[in-house]
Amino acid sequence: MSVLYELSGVARYFQRGPTTVRALDDVSLEIEPGEFVALEGPSGSGKTTLLQILGALDRPSAGTVTFDGSDLVKQPDSELAELRLHSFGFVFQQFNLIPTLTAVENVEAKLAPAGGTRGRALELLAEVGLAERADHLPAHLSGGEQQRVAIARALSFEPRVVLADEPTGNLDSATGGEIIDLLANLAAEHGSTVIVATHDASLAARAPRRVAMRDGKLAGNVRAVPA
Amino acid sequence: MFYLRYLRNELVRRRTRTIVTLVGLGLGVALVVAIASLSKGLDRAQQKTLDPLAGIGTDLTVTLAPQQQQSQGFGFGPGGGGGNRDLIQSNLSVLTDLSKLGKPGAHFVHDFFLPGTQLTFPQRAAQQIASLDGVQKTTTGLTLLAEHQEGVVPKIVATLKTQAKTLTIQRNLPRPTAKDFAQMQACLQKAGVTLGRPQTQQGQGFGNGFGGGTGQRNDANRQAFQKCLPASMRRFRTRVTTPSQTLKQVLDPPQTNISTTAYTIGGADQSSPNMGVVTAAQVTKGTFLSPAGGKEALVATSYAAKHSLKVGSKLNLNGTTFTIVGLVSPPLGGQSADVYLPLKQLQTLASEKNLANVILVHAKSSSDVAKVKQEIQRALPQAQVASSKDVADTISGSLVDASNLSHDLGLALSVVAAVAAFLLAALLALSSVGKRVRELGTLKALGWTQRMVVRQVAGESLATGILGGIFGIGLGVLAAVAIDAFGPSLTASSSTGSDFANLGVSTVRTATRSVSLTAPVGITVLAIGFGLALLGGLIAGTAGALRAARLRPADALRQVE
Ligand SMILES: Nc1ncnc2c1ncn2[C@@H]1O[C@H](COP(=O)(O)OP(=O)(O)O)[C@@H](O)[C@H]1O
Ligand SMILES: [Mg+2]
Chain X
1 MSVLYELSGV ARYFQRGPTT VRALDDVSLE IEPGEFVALE GPSGSGKTTL
51 LQILGALDRP SAGTVTFDGS DLVKQPDSEL AELRLHSFGF VFQQFNLIPT
101 LTAVENVEAK LAPAGGTRGR ALELLAEVGL AERADHLPAH LSGGEQQRVA
151 IARALSFEPR VVLADEPTGN LDSATGGEII DLLANLAAEH GSTVIVATHD
201 ASLAARAPRR VAMRDGKLAG NVRAVPA
Chain P
1 MFYLRYLRNE LVRRRTRTIV TLVGLGLGVA LVVAIASLSK GLDRAQQKTL
51 DPLAGIGTDL TVTLAPQQQQ SQGFGFGPGG GGGNRDLIQS NLSVLTDLSK
101 LGKPGAHFVH DFFLPGTQLT FPQRAAQQIA SLDGVQKTTT GLTLLAEHQE
151 GVVPKIVATL KTQAKTLTIQ RNLPRPTAKD FAQMQACLQK AGVTLGRPQT
201 QQGQGFGNGF GGGTGQRNDA NRQAFQKCLP ASMRRFRTRV TTPSQTLKQV
251 LDPPQTNIST TAYTIGGADQ SSPNMGVVTA AQVTKGTFLS PAGGKEALVA
301 TSYAAKHSLK VGSKLNLNGT TFTIVGLVSP PLGGQSADVY LPLKQLQTLA
351 SEKNLANVIL VHAKSSSDVA KVKQEIQRAL PQAQVASSKD VADTISGSLV
401 DASNLSHDLG LALSVVAAVA AFLLAALLAL SSVGKRVREL GTLKALGWTQ
451 RMVVRQVAGE SLATGILGGI FGIGLGVLAA VAIDAFGPSL TASSSTGSDF
501 ANLGVSTVRT ATRSVSLTAP VGITVLAIGF GLALLGGLIA GTAGALRAAR
551 LRPADALRQV E
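These protein sequence lines are chains X and P, in that order.
Be aware that the first sequence starts at 1, since it is given in this note's numbering, and climbs by one per residue.
Be aware that the second sequence starts at 1, since it is given in this note's numbering, and climbs by one per residue.
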């Protein structure tokens with residue numbers, strides 16, 4: 001099986017006044033298709049920054065990011081948008097649902113650029129167990145329900161990769177566990193690679209592969225032995 | 001269509017933001033509409049009302065006012081003299097012999113008519129002006145200051161006796177024939193008078209003897225002479241006897257119980273109802289003077305109210321009864337009077353036959369007015385020619401203030417309001433986009449292209465602009481309707497005449513016209529207001545969206561709301 005992601009010497013610097021913040025510093029990493037990777041590390045270690053580069057939301061300051069054989073750094077914005085639409089699915093800590101759209105409309109927002117239908121959006125909601133709440137606004141949904149909508153939205157086009165940034169950060173531990181399970185199961189069903197950033201070690205422990213980060217650098221790379 | 005539902009949801013579900021935006025836009029647009037309409041309304045009111053001579057249907061008025069230096073050589077003017085002396089002479093008729101009004105102690109009512117501050121001149125001057133190039137029509141009018149006096153004929157009347165005049169007459173008398181002389185001699189001898197002069201000097205002696213000479217003789221001699229004179233000589237003697245005259249004249253206005261009320265009276269050409277010192281347009285009640293020019297009168301509403309006169313009332317002027325056929329409101333500027341009679345009637349009453357003191361001139365086209373004014377001034381240097389503008393300059397009042405304001409500031413205010421509406425629309429759109437940067441970043445993270453994001457936001461701005469514009473137009477029209485309905489009354493007033501202290505009478509009178517302010521709403525104004533709200537929102541919304549959509553999704557997502 002070919003490599004899905006190949007990162008080499010990836011760095012991301014931010015200028016904050018006179019000092020340069022090295023959010024990512026010389027990160028080299030390979031990710032296989034279908035992997036479930038936990039990106040763990042304390043707050044500020046660069047997890048979000050790395051996820052954004054992997055998901056084509058940001059470009060690195062240095063290094064190369066090869067996704068499915070092509071260098072993301074060299075792609076134009078329009079190509080990156082196309083990749084985000086069909087190849088990536090994002091799940092955020094804050095859910096990032098559109099507040100004026102109902103649950104089903106939030107899923108439609110992802111489908112719309114490719115002419116997706118409301119029926120498909122309802123199917124996806126049913127997959128995350130929210131068929132009955134399709135017409136509720138985010139404000140009328142619980143945190144767990146909102147994150148389910150976000151997962152349904154992320155899985156719309158059977159993406160190659162689901163990128164989840166602290167998906168349980170705003171949920172209680174029981175709900176968080178359910179969300180992680182749902183994410184893992186659906187990703188497996190849809191054949192998607194999952195990369196979850198978390199600062200919760202117990203959550204990370206459930207992932208077959210754990211990549212640890214500290215101060216923008218890789219601090220560990222552990223593959224669990226398949227059971 | 002998802003995008004349209006999204007758009008609708010953004011407007012409907014962010015209700016507070018939408019309402020604030022719509023109210024803001026609406027007020028901006030309404031302000032533009034209201035100010036522009038108000039400005040137009042004021043312009044219209046000015047055109048209608050402040051064009052003072054239009055009220056009397058004319059472009060120019062020609063009058064003859066007293067001047068310090070009078071040039072000679074035109075058939076126009078009172079002739080000779082200058083300055084106030086003309087006026088005093090013209091007005092002296094009021095100091096006529098009051099004894100003619102009745103015996104001392106008798107009650108009298110009499111109206112005296114004075115030319116006031118405007119000297120009279122022959123009516124034919126109007127024909128002279130009518131023949132000028134560019135003149136369409138002329139009308140003459142006579143506006144006089146009337147003094148209504150009522151009281152008891154005074155006793156203090158001076159009686160003046162004019163002295164008999166001595167006339168020197170050069171005439172050769174026929175020499176008496178020998179026969180005449182013999183007869184006279186015989187006659188005198190018979191009467192007992194002897195002649196002690198040589199015969200040859202007789203003729204000369206008669207000539208000298210008639211005046212004082214004979215008076216020194218005794219009566220008997222004198223009678224004898226008279227009796228014996230030949231008939232031809234007796235006739236001559238009667239011719240040179242000049243009679244002495246007795247005149248009664250009041251030297252100063254008598255201090256009696258005579259009460260004087262002053263009013264102004266105008267003579268109008270009743271055959272010209274659309275142009276004259278009074279026009280049919282001024283009639284508020286009743287009718288205009290009939291073309292026949294009979295014993296009819298028009299009375300100013302204010303004068304009628306003061307003297308309890310109404311249509312049908314009788315007006316007695318020095319024994320002639322006039323029937324009031326209509327009430328008139330005063331025009332702004334021009335001549336305004338309390339009472340109007342057909343011109344001929346007034347001329348007769350005031351003994352001003354064929355005289356007028358104002359010529360109204362209507363130019364063939366309004367662009368000719370300045371040229372016509374010059375021509376008249378060249379033809380009649382003594383004349384004072386006033387155009388609408390000259391008269392308008394004497395008009396004051398809230399309408400003038402408001403109109404000047406509208407002229408000076410109307411455009412500026414409209415522009416300011418328009419800019420404010422535009423900026424407001426832009427500001428609201430920008431702030432609305434500013435709060436949605438994270439949302440727009442999310443859309444990009446979902447795979448929306450920059451174009452799709454901008455299109456969505458621009459669509460929202462467009463919809464908001466349309467709704468705000470419609471709301472604003474509604475609000476603006478409502479404001480205009482409110483102004484029409486309860487609009488403030490603006491007044492314009494002008495003072496005509498002058499303080500005529502020489503006669504102790506003031507002819508200063510003020511015509512006031514009140515106009516209800518209207519705010520006509522034009523399609524252009526509505527379109528401009530609407531367009532501005534739309535453009536402001538659209539431009540700002542699109543610009544804001546473009547800025548947000550250009551951000552890398554990572555940066556947009558990192559923005560805190
Ligand atoms: N846009 C930015 N400007 C400046 N500093 C940033 C920016 N984004 C991230 N950083 C800094 O980079 C470091 C890594 O941040 P992040 O990737 O968000 O860490 P994590 O997600 O692991 O908490 C932090 O020190 C953060 O403050
Ligand atoms: Mg983070």
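If you are wondering where the hints come from, they were derived from the structure by calculation, not from laboratory data.
One or more hints might be untrue.
[As the list claims (entries may be wrong)] Simulated coverage check for chain X against chain P, where a stretch passes if three residues somewhere in it have a Cβ under 8 Å from a Cβ of chain P: (1) 72-82; (2) 98-109.
[Claimed, not checked] Chain P regions said to be covered by chain X (calculated; three or more residues, Cβ under 8 Å): (3) 353-364; (4) 446-459; (5) 547-556.
Ideal Cβ positions, reconstructed from N, Cα and C, are used throughout, including at glycine.
Each hint tested on the structure:
1. 72-82: holds (count 4)
2. 98-109: It holds, with 7 qualifying residues against the three required.
3. 353-364: Since three or more residues must qualify, the claim that chain X covers the region 353-364 of chain P is violated, with 0 doing so at under 8 Å.
4. 446-459: Holds: 6 residues of the region 446-459 of chain P have a Cβ under 8 Å from chain X.
5. 547-556: That given contact holds, which follows from 4 residues of the region 547-556 of chain P lying within Cβ reach (below 8 Å) of chain X.
Going down the numbered hints, you'll see the structure goes against just number 3.
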